[in-house]
Amino acid sequence: MQRKIIENQLTEIFRDVFGDRSIVINDGTTAEDIGAWDSLSHMIMIGDVEKKFNIKLKLREINKLKNVSALIDLILAHEVQLI
Amino acid sequence: MTFTSFNFLFFFPAVIIIFYALPYGWRWKFILFASYFFYISLKPVYAAILIGITIITYLFPILIEKAVSQKRKKKILIYNVILILLPLVFFKYFDVINTSLVNLLKGLNLHFPFPEIPFFMPLGISYYTFMSLSYSIDVYNEEIGAEKKFGIVALFLAFFPTVLSGPIERAGNMFPQFKSTLEFNYDKFVYGLQLMLWGYFMKFVIANRIGVYNKNIFDNTIRHNGHSVTVAVLLYPIQVYADLAGYSFIAIGAARVMGIDVMQNFKRPFFATSMSAFWRRWHISLIKWLTDYIYMPLSYSFRKYKMAGIVTALMITFIISGIWHGAALTFVIWGTLQGIFLSVEAITNKNKKAFVKTYNLGDRRWYLVLSCLFTYILFAFSEIFGGAVANIHSVLLVIKKIFLDFQGPVYSESPSTTLFLIFGISLLFLAEIKEEFFSGSHLLVNSKNVLVRHISYSVIIMIILLAGVFDESQFIYFQF
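Each protein sequence line maps, in turn, to chains A and B. Quick note on numbering: the working numbering labels position 69 of the first sequence as 69, and the sequence is numbered without any gaps. With the second sequence counted from 1, adding 1000 to any position gets you the working numbering.
There may be inaccurate statements among the hints.
As the list claims (entries may be wrong) - With a Cα cut of at most 16 Å, we get these calculated EDC-like pairs of lysine to aspartate or glutamate:
(1) B:K1306 - A:E50
(2) B:K1215 - B:E1435
(3) B:K1267 - B:E1435
(4) A:K58 - B:E1143
The set of hints was computed from the structure by calculation and includes no laboratory data.
If we strip away everything but chain B, and leave its shape as in the complex, we get (with noise of 0.2 Å):
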């Protein structure tokens, strides 16, 4: 089961019902007990490996805790963390080492007949890997204490609204809100409503729709102009928004109805000027978590270096982080450009200032206007090697496609399907800009009118069902 199954339509009200209608006590073991049924609904066998995960979280902490000398709490640390990256580890990356052995092996004429090892990576390990991690380095550094219940610790590896893409939160978030009363408050009850109606629609009527057209473009490029590849590579990070910030939305909103904050992941990401600013406000959950684990202790080793030393750890940070989403060359060089774009950003940050101040382009519209554009199309351009298509094989077509074949117009299956598209992009970006710019005034789900909300509800829940696409499309992060 998926926030998109036909199943969660029953799972999700049942759990609702039988949550408030429990005892206050019994209420967050209530939702453990709901978070292994959908987990387990997905694959008996992963809960196996979630289950083996949530007992070396458990111990760990508790025995760093325990540790006298901080010699001695920094070597459990480190045998903690080799222990719960080897999952990950094997289930991401087995297949590409034991292909490149066979290979090897090859080139040098001995044929030595691997296993071959049929399996799926576990849905969300990456996930519950890193609030893992995060855990116990917060015990380690004396952020937090370690958690005594084996049962809050379990709940927050696996809480069905984040346990399969996120948003990567952290247990001194978590723990407190999981032993807190957890009583029913109206207004999160209804906020959480909202968030996972636009949930829905950012998944169904958006990213599934530019997720049709994208597919055609990019599974048959050699087909296709350079016109309509640009507009696949323009439209493809509005796809993996509407896909990666829809299932938030309806992750934090389904929380919400439970009454737990969980962490905002996207933060109306196409208005960031800059790409510094783009990364503060695009996955936000893996970006602090990056930062804190990876980025701040690279920085921190490397901080006598001053500039060179903050553009080592930036490249190293993304490179991981393009590791992280797949072992391939297309995804090392988009974590190269990434960490670039910063690292040209963070050198010239300074005199830009002095420009922008020089000019006072701080309070110009065209200028901002610029930067946004500039920033998406720089995001688009580098999301060809990140995961836009399948191989570098491909990233070099659709390159060679957008630069050098002028020929013939945009691709459009049919005028209702590109009208839809257009018309469901114009509401996000409405949506957005409201936001943004006039975060004050309230939206007509807001509104004070009874009927208006109820209206206003009715069209979206009629725009999912009319303008959306149901197909068998997974949401694109589950893969990490």
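Pulled out of the complex, with its shape left as it was, chain A reads as follows (with noise of 0.2 Å):
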């Protein structure tokens, strides 16, 4: 249930970052799937991300990031982490 709620969070983010309101994320879903997510696009992204969940993101989390899913652990992880 707390994955869907922020994946629905993060396609609004996705939409408005890059610019497509037609974006459908799901767990799979990697940089190859949408045009417009690129190395430029991704940062502004992450800081969206954090900006969002009121998190602070490593820079070598970022890096292994390799799909929507990883984005949403995490979150999660980092979610858990505040609580």
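Hints given; two lone chains; assemble the complex.
In structure tokens:
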């Protein structure tokens, strides 16, 4: 349930950052699937994720992200730490 | 010895025969021996620098891994980075710093003679320095473990196919391959030889041929008209491409013959429809290195500034890339231009996409062709600052000629050399069009018919021998 909520919030961020209202994401979504998701827009997206979830991600954590599922895991891990 | 030396014709087959005659466990050790033989044959003293860098590259990642606290790991990494960068900075910038200091003191009426140290930069130092840094940083970031075998680290840095000009490989890709059994694989063996053949074609038939033409123009720009200078400027990206991609194909091919996969360095860059797409296809191993170890940490630090942070990170990254190419104003301008091109694209990206979508331009061939041409011209113009000519005065002269001198015909050495030039470039572009748009179909060199395959190889070898330029020119990127 918690994953679904995060996924919905991420969808909004992705649509905004990558400039495409039709973006739909799932666990397996990668940069390959979204044309505008490149190394330039990636960090803007990360900045928005940090702001939205009030977390601070480390560069090495960001570098290891492979897909949306890994990003959700990372957000959850940080939220757990916050609690 | 380099790939274009006569000696390499004997060295490479001998290495391959011995390599496959040895038991599996000895193969990587033998490539290490062959790699040092290859490197020492250039100038023995430079092997000392390579060994020094290898020792640091071996020890520091182990220390980083063993350090208990994050703070200590970081401290060791900083010492590691400084130590590894010192030789590169010394060899690349000593002359410039020395001359600047002497001139500065002269300006103050102080004549203090600094010692002049005559030396040449060790070939490949930039490339093995970058590879060493990436290994240490990857260990620090816990992306890979520190290697315990000194020989494997030594081979990673000295590997003869890549030591002189890359591709700038990563330890994570190379270490496991060096430690594997390196069995004979017929497909890899043949594909490796095909890549090498194509690399030699690009170097001898295209790069060296354009090199002769461009040397004539750029060494005597004042004597040539704007048309000829424009042709030289437009040919220069193809020259650099044929030179560095040609080198890369030989390097990747030589490694592949031994069963080792080295990363792709070029992906048909002249089909890029924007500068950002271009930089994803051009000198990929360098751009990936710059992205991972300079751009990403910078854009991470500036991420709260959103687009302004991205632009700042881009500008700094490309100016550093420019200064790496050479300590000269022209290279700083080159880096700044690339930074500006990419920043403008990043800022206008959303609007451009909407525009393309609204008018359905994405599928229009004329739009794609125009985009490719525009990208090419932008890059060709930036390359006037990126090494095409020697200094800022020559750059200004070239630009003046292009825009103000329209008298006379385009310079041509002779009809036959022009024909060879057009023939070589046409063949290159035909092969690239085939790869880009019809990758499913087979080239003649991959035909199932043995006779067709062998005739194709023979024709390419004949073209190299007949249309190639075998002069003293070295690969352009050796100087960096």
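Here's how the hints hold up against the structure:
no. : hint              : result
1   : B:K1306 - A:E50   : holds, 12 Å
2   : B:K1215 - B:E1435 : violated, 31 Å
3   : B:K1267 - B:E1435 : holds, 10 Å
4   : A:K58 - B:E1143   : holds, 14 Å
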